[in-house]
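Undergrad: Read off the chains here:
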Amino acid sequence: MVTLVLPRLISFEGMSRRAASVTERNLSTLRSAYWVVLVSGFLEPVLYLFSIGVGVGALIGDIRLPSGEVVGYAEFVAPAMLAAAAMTGALSETTFNFFGKMKFVRLYEGILATPVRPIEIALGELAWAMVRGLIYSVAFVVIMVLLDLTTAARALAMLPATLLIGIAFGALGMAVSTIIRSWQDFDLIAAGQFALFLFSGTFVPPTGYPAVLRWLVEVTPLYRSVDLVRALSTGTTGWLQALDVAYLLALAALGLTVAGRRMERQLCK
Amino acid sequence: MEPHPTAPPAAQNPTEDFLIHARGLVKRFGDFTAVDGIDVDVRRGEAFGFLGPNGAGKSSTMRMIGCVSPPTSGVLEILGLDPRRDGPRIRARLGVCPQLDNLDIELTARENLTTYARFFGIGRREARRRADELLEFVQLAERADSKVEPLSGGMKRRLTIARAMVNQPEVVLLDEPTTGLDPQARHLVWERLFRLKQQGVTLVLTTHYMDEAEQLCDRLVVMDGGRIVAEGSPRELIERYSTREVVELRFNADDQRAYAEKLDGIGERLEVLPDRVLLYVDDGDEATAEVHRRSLSPASVLARRSSLEDVFLHLTGRTLVD
Ligand SMILES: Nc1ncnc2c1ncn2[C@@H]1O[C@H](COP(=O)(O)OP(=O)(O)OP(=O)(O)O)[C@@H](O)[C@H]1O
Ligand SMILES: [Mg+2]
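One line per chain: the protein sequences are S and A, in this order. Number 202 in our numbering belongs to position 202 of the first sequence; there are no gaps in the numbering. For any residue, its number in our numbering is found by taking its place in the second sequence, counting from 1, and adding 1000.
Keep in mind that the hints were calculated from the coordinates and are not lab data. Quick caveat, the model's predicted, so the values are computed rather than measured. Quick reminder that beta carbons are idealized off the backbone N, C-alpha and C, glycines included. Don't take each hint at face value.
Listed next, the in silico EDC-like pairs over lysine to aspartate or glutamate satisfying Cα-Cα at most 16 Å (straight line) [unchecked claim]:
| no. | chain 1 | residue 1 | chain 2 | residue 2 |
| --- | --- | --- | --- | --- |
| 1 | S | Lys101 | A | Asp1101 |
| 2 | S | Lys103 | A | Asp1101 |
| 3 | S | Lys103 | S | Asp185 |
| 4 | S | Lys269 | S | Glu109 |
| 5 | A | Lys1197 | A | Glu1170 |
| 6 | A | Lys1147 | A | Asp1101 |
| 7 | A | Lys1197 | A | Glu1046 |
| 8 | A | Lys1262 | A | Glu1290 |
| 9 | S | Lys103 | S | Glu264 |
| 10 | A | Lys1197 | A | Glu1214 |
| 11 | S | Lys101 | A | Glu1106 |
| 12 | S | Lys269 | A | Asp1031 |
Far from chain A by the CB rule (all over 10 Å, computed), these chain S residues [what the hints assert, rightly or not]:
| no. | residue |
| --- | --- |
| 13 | Gly61 |
| 14 | Glu69 |
| 15 | Arg132 |
| 16 | Ala195 |
| 17 | Thr207 |
| 18 | Tyr209 |
| 19 | Val212 |
| 20 | Leu216 |
| 21 | Gly235 |
| 22 | Leu243 |
| 23 | Leu254 |
Where chain S lies over chain A, by a calculated footprint (3+ residues, C-beta under 8 Å) [said to hold, decoys possible]:
| no. | segment |
| --- | --- |
| 24 | 1068 to 1076 |
| 25 | 1090 to 1100 |
| 26 | 1106 to 1112 |
Chain A extracted, bound-state conformation:
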């Protein structure tokens, strides 16, 4: 990979430090409010995540940042510019991987990249060079001359990510980059995104996967119903909104709620889900022992370390299923 533009010397103006700066950002569709006044600051070189259930407003936010959807109100500055006025100039420096692949099905994998490069005004020869390099980068060199249709979902996703890199962007926006990929493909994508980050590219991504957020994001916000309900590093969020460990209990019963009372007092908090009960505790083994002392016999017990998933559940009251 070509070296990417590195961070400029610290700016005098504090907002210039933020590649993305939003205050009270609102997006309405008719009288429905999809994004309801969010504040976001993304620094150069960081990996920033938007986490949230379906319909939280993640994609709406990403599209505003990508300058393809005008904000209804609020302040939005990207790379120090105003998307309403400087859309083309901003987009020239962004890479976008949308939630749904919109690759050009009439072209081959390589042509998808070269053609896209031309939209950025990149010369033919250079476009060709970058295309080959990027196909290599996302391990699609063998499929360079294949049309898009026969590529697997994971390959299409990787091609879309490669396409987002063709203009050597300073910021890459990734809307659910690994949704629907098998574990192997996901790990490959993570590894590539991590490499981009090391090259100094700023990553902004949305995800439903907690492990993805924990792996990739330096900082993230949890969105729900168009608002930001929490913000911090993955570690901070876990410390603030969860306990050290979590015990998952499954009972052989239609209604897990019946057991809530009997578990009362174990650990800090308890969450009843349709198929299991979660105990938020400091010591999983100790809590498990207490469950057995109360002569309850769950069909399965799992004591594990607390994760972002638990934070998420606590904040939005929902499990993440996609």
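With the rest of the complex left out, here is chain S:
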């Protein structure tokens, strides 16, 4: 038994160790300038929260959740901003940066001459994106608790959810980056990201949309993310959130598989 299982465990152990060495490489590139990137990425959802959640919210009043619960508009918008921030954080590392490393500076060609495999690079980059995403998320839930938009316990429960969201979008981002061909395509990604940001039940519950549009919105990954975080934030979790989790896990697995395969095909010709 032991002899059967052990080699597999060791290879798994080697896999995580090699993936970690890729994450570590990114850590050692950290220079002072990077903090500017971090701060600007964090500022965006905070600005939305204050301008729309608090500002516009004053005009709108309360919102009824699908569970029947009624919450203030800022309470409604804040978890959506958190989910969107997790998405943005993950995508910024795994699209633009990842694409550049793969196709322009040929960083991965150097790495692949070592025992590190393509899927391990993908995992390492994903872990890195998670570190960045987690910094945004922690800062944002602290603000939410300070503004009394959720409780500290719920805030803690939201953090693993934002990690899952980051992993799913990060994997998706990498898969897309292996498919696109030029920098211009990033404008398309940015446009798609913004559309998701506006229409994923972030500012308005999609219950008000026509049936087709509503259905369309509800299958997008950001909607499922917002749904998950909002339920956690307002303490209204139910079976639907299990669906959200399953959806995001599936997306992560799919994205990673596609990214790993395509990296292998493109880099190991």
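Starting from the known structure of chain S, arrange chain A with the ligands on it as the hints suggest.
TA: Coordinates of chain A with the ligands only, in the frame set by chain S:
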């Protein structure tokens, strides 16, 4: 430098003696065949060279040996293992210096080495120690904290070679290690590679430079159009495919071919190049005298010993320019 792993006792299995063993190795890109069925055996501790013009398939072969490019067909064994199955295990024991430097431009010279060591699972402290030692080895200790960008081409090349040594490899693959370097930098690289060889490291290199191949390689193959057209030690190849001496004649004419007929019969063979005519002879002085006896007056005459370049020219019908 740390002592490198030394040769194991002679193996029973004859193929185990070969660190690299290829039979009928083929690499295709779409319907283009870059490597067309080559047989290669590299023994432990030897310096083995791939020589060939642009597009001969040298880099394609090196990438297959480096386990980053799957062979299309044929047998390939590296360190007795199958690259298709054991890629990571093989790569753990190889050092690779690719044709184009792919150093990490976001890191310093030292960080390039320490980070690379981490990819091999080497501990932080040990990585740091090896990095400093290797920077010393390639004479870059003063530039340890410099980013990659401001380093000169020769320095980058040396850093790439140092990076290839960070896992104390048994085999080092060097794809054109000195192309684009000035003579001083080349000699430094040669000297370092020679030292590695003395430590028992197996070297596999590609080159366009005949003097490099003659200096470093115990054995080499000449590739052309994806095939191996000759194989042997530099000396053997020169003896087999060339004469003892070569006389180079330059005529003041647009077309050197006009002189070919007039030179007929001097030496064993004659080669007309766009800018000069080569006479393959046993005695250069005697041949030069004969040229003058035929009252031909070339603008310049150079009698020299035959080199691998001549072998190469004979085999591929091309001069080597990069
Ligand atoms: N990824 C690829 N896709 C398509 N063709 C390729 C690819 N890599 C190499 N080739 C082709 O294979 C042939 C051999 O290339 P290779 O790089 O192995 O030659 P080489 O001997 O290293 O040449 P050089 O001396 O110029 O480096 C060339 O015609 C090249 O265009
Ligand atoms: Mg080449």
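Undergrad: Would you mind marking each hint as holding or not holding in the structure?
TA: Quick rundown of the hints versus the structure:
1. Of the pairs offered as hints, the one joining Lys101 of chain S and Asp1101 of chain A holds, with about 14 Å between alpha carbons and a cut-off of 16 Å not exceeded.
2. With a C-alpha separation of about 14 Å, the suggested pair Lys103 of chain S and Asp1101 of chain A falls inside the 16 Å cut-off, and the hint holds.
3. With a C-alpha separation of about 14 Å, the suggested pairing of Lys103 of chain S with Asp185 of chain S holds against the 16 Å cut-off.
4. Straight-line distance between C-alpha atoms of Lys269 of chain S and Glu109 of chain S comes to about 11 Å, which keeps the hinted pair within the 16 Å bound.
5. For the given pair, Lys1197 of chain A sits about 10 Å from Glu1170 of chain A by alpha-carbon distance, which is consistent with the 16 Å threshold.
6. This hinted pair checks out: Lys1147 of chain A and Asp1101 of chain A have alpha carbons roughly 14 Å apart, not beyond 16 Å.
7. For the proposed pair Lys1197 of chain A and Glu1046 of chain A, the alpha carbon gap of about 7 Å is at most 16 Å, so the pair holds.
8. Proposed proximity of Lys1262 of chain A and Glu1290 of chain A is supported: the alpha carbons are some 11 Å apart, at most 16 Å.
9. Taken as a hint, the Lys103 of chain S and Glu264 of chain S pair is honoured in the structure, with Cα atoms around 13 Å apart against an allowance of 16 Å.
10. Only pairs whose Cα atoms come within 16 Å are accepted, and Lys1197 of chain A paired with Glu1214 of chain A is accepted, the gap being roughly 15 Å.
11. Straight-line distance between C-alpha atoms of Lys101 of chain S and Glu1106 of chain A comes to about 10 Å, which keeps the hinted pair within the 16 Å bound.
12. Distance check on the hinted pair: Lys269 of chain S and Asp1031 of chain A sit about 14 Å apart at the alpha-carbon level, within 16 Å; holds.
13. The Cβ of Gly61 of chain S sits about 50 Å from the closest Cβ of chain A, beyond the 10 Å cut-off, so the non-interface label holds.
14. Residue-level check passed: Glu69 of chain S sits 48 Å from the nearest beta carbon of chain A, beyond 10 Å.
15. Listed as a non-interface residue, Arg132 of chain S keeps its Cβ farther than 10 Å from every Cβ of chain A; the least gap is roughly 16 Å.
16. The Cβ of Ala195 of chain S lies farther than 10 Å from every Cβ of chain A, with a closest approach of about 32 Å, so its non-interface assignment holds.
17. With a closest Cβ-Cβ approach of about 47 Å to chain A, Thr207 of chain S is found to remain outside the 10 Å limit, as its non-interface label requires.
18. At the 10 Å boundary, the C-beta of Tyr209 of chain S stays outside the reach of chain A, the nearest C-beta of that chain being 45 Å off.
19. Against chain A, the non-interface label of Val212 of chain S holds: every CB pair exceeds 10 Å, the least being about 44 Å.
20. No beta-carbon of chain A comes within 10 Å of the beta-carbon of Leu216 of chain S; the shortest separation is about 40 Å.
21. Distance check for Gly235 of chain S against chain A: the nearest CB is about 43 Å away, which clears 10 Å, and the non-interface claim stands.
22. Residue-level check passed: Leu243 of chain S sits 38 Å from the nearest beta carbon of chain A, beyond 10 Å.
23. The claim that Leu254 of chain S is not at the interface with chain A holds, since no C-beta of that chain comes within 10 Å of its own (minimum 25 Å).
24. Under the rule that three or more residues need a Cβ within less than 8 Å of chain S, the assignment of the segment 1068 to 1076 of chain A holds, with 3 such residues.
25. With a cut-off of 8 Å between beta carbons, the segment 1090 to 1100 of chain A has 6 residues touching chain S; three or more are needed, and the interface restraint holds.
26. For the segment 1106 to 1112 of chain A, the proposed coverage by chain S is satisfied: 3 residues have a C-beta within less than 8 Å of a C-beta in that chain, meeting the threshold of three.
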